[in-house]
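K.L.:
Just so we're aligned, residue 1 is where the sequence shown starts under the working numbering, counting upward by one.
Source of the hints: derived by calculation from the structure; they are not laboratory data. For clarity, every value in this text was computed on a predicted model and none was experimentally measured. For each residue, glycine too, the CB sits at the ideal point set by N, CA and C. Some clues are possibly wrong.
[As the list claims (entries may be wrong)] Okay, the calculated beta carbon distance ranges per label pair:
{"no.": "1", "residue 1": "ILE8", "residue 2": "SER31", "range": "28 to 34 Å"}
{"no.": "2", "residue 1": "ASN29", "residue 2": "ILE4", "range": "33 to 39 Å"}
{"no.": "3", "residue 1": "LEU40", "residue 2": "ILE17", "range": "16 to 22 Å"}
{"no.": "4", "residue 1": "SER6", "residue 2": "ALA41", "range": "23 to 29 Å"}
{"no.": "5", "residue 1": "LEU26", "residue 2": "SER3", "range": "33 to 39 Å"}
{"no.": "6", "residue 1": "SER31", "residue 2": "ASN9", "range": "18 to 24 Å"}
{"no.": "7", "residue 1": "SER55", "residue 2": "ASP33", "range": "32 to 38 Å"}
{"no.": "8", "residue 1": "SER54", "residue 2": "TYR25", "range": "30 to 36 Å"}
{"no.": "9", "residue 1": "GLY24", "residue 2": "ILE52", "range": "25 to 31 Å"}
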Amino acid sequence: SGSIISIINSFGFTGVIIFQYTAGYLSENFSVDSVIYIGLAALFLLAVFTSILSSCHKFDRKVS
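Can you make the complete structure from the sequences, with help from the hints?
P.N.:
Right, dumping it as structure tokens:
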């Protein structure tokens, strides 16, 4: 369980780093509004990914 938590934390930090550079690039070259759209898209993807992980976790718990 400790290795899974470290993988989740590393993906979280990597996502923040990627989002900061993407947001900076888009706000510099396009508009500041594009950063809001990227943030909303990232929030939606996070919600979908979390629901997939939680449903897989419930399935694993029922099997064992």
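K.L.:
Using the beta carbons of SER6 and ALA41, state whether their distance is inside 23 to 29 Å or not.
P.N.:
Between SER6 and ALA41, where Cβ atoms are some 26 Å apart, the hint holds.
K.L.:
Starting from the range 16 to 22 Å, see whether the pair LEU40 and ILE17 falls in it by beta-carbon distance.
P.N.:
holds (19 Å)
K.L.:
Is it true that the C-beta distance of SER54 to TYR25 lies inside 30 to 36 Å, as the hint says?
P.N.:
Holds, at about 32 Å.
K.L.:
With respect to the beta-carbon atoms only, verify the hint that SER31 and ASN9 lie 18 to 24 Å apart.
P.N.:
violated (32 Å)
K.L.:
Regarding GLY24 and ILE52, is the given constraint of 25 to 31 Å on their beta-carbon distance met?
P.N.:
holds (29 Å)
K.L.:
Quick check: does the Cβ-Cβ distance between ASN29 and ILE4 fall within 33 to 39 Å?
P.N.:
holds (37 Å)
K.L.:
Verify the CB-CB distance for LEU26 and SER3 against the hinted window 33 to 39 Å.
P.N.:
holds (34 Å)
K.L.:
In this structure, is the beta-carbon distance linking SER55 and ASP33 contained in 32 to 38 Å?
P.N.:
Given range 32 to 38 Å: holds, Cβ gap about 34 Å.
K.L.:
Is it true that ILE8 and SER31 lie within 28 to 34 Å of each other by Cβ?
P.N.:
Since ILE8 and SER31 have Cβ atoms about 33 Å apart, the given range 28 to 34 Å holds.
When held up to the earlier numbered hints, the structure conflicts with hint 6 and nothing else.
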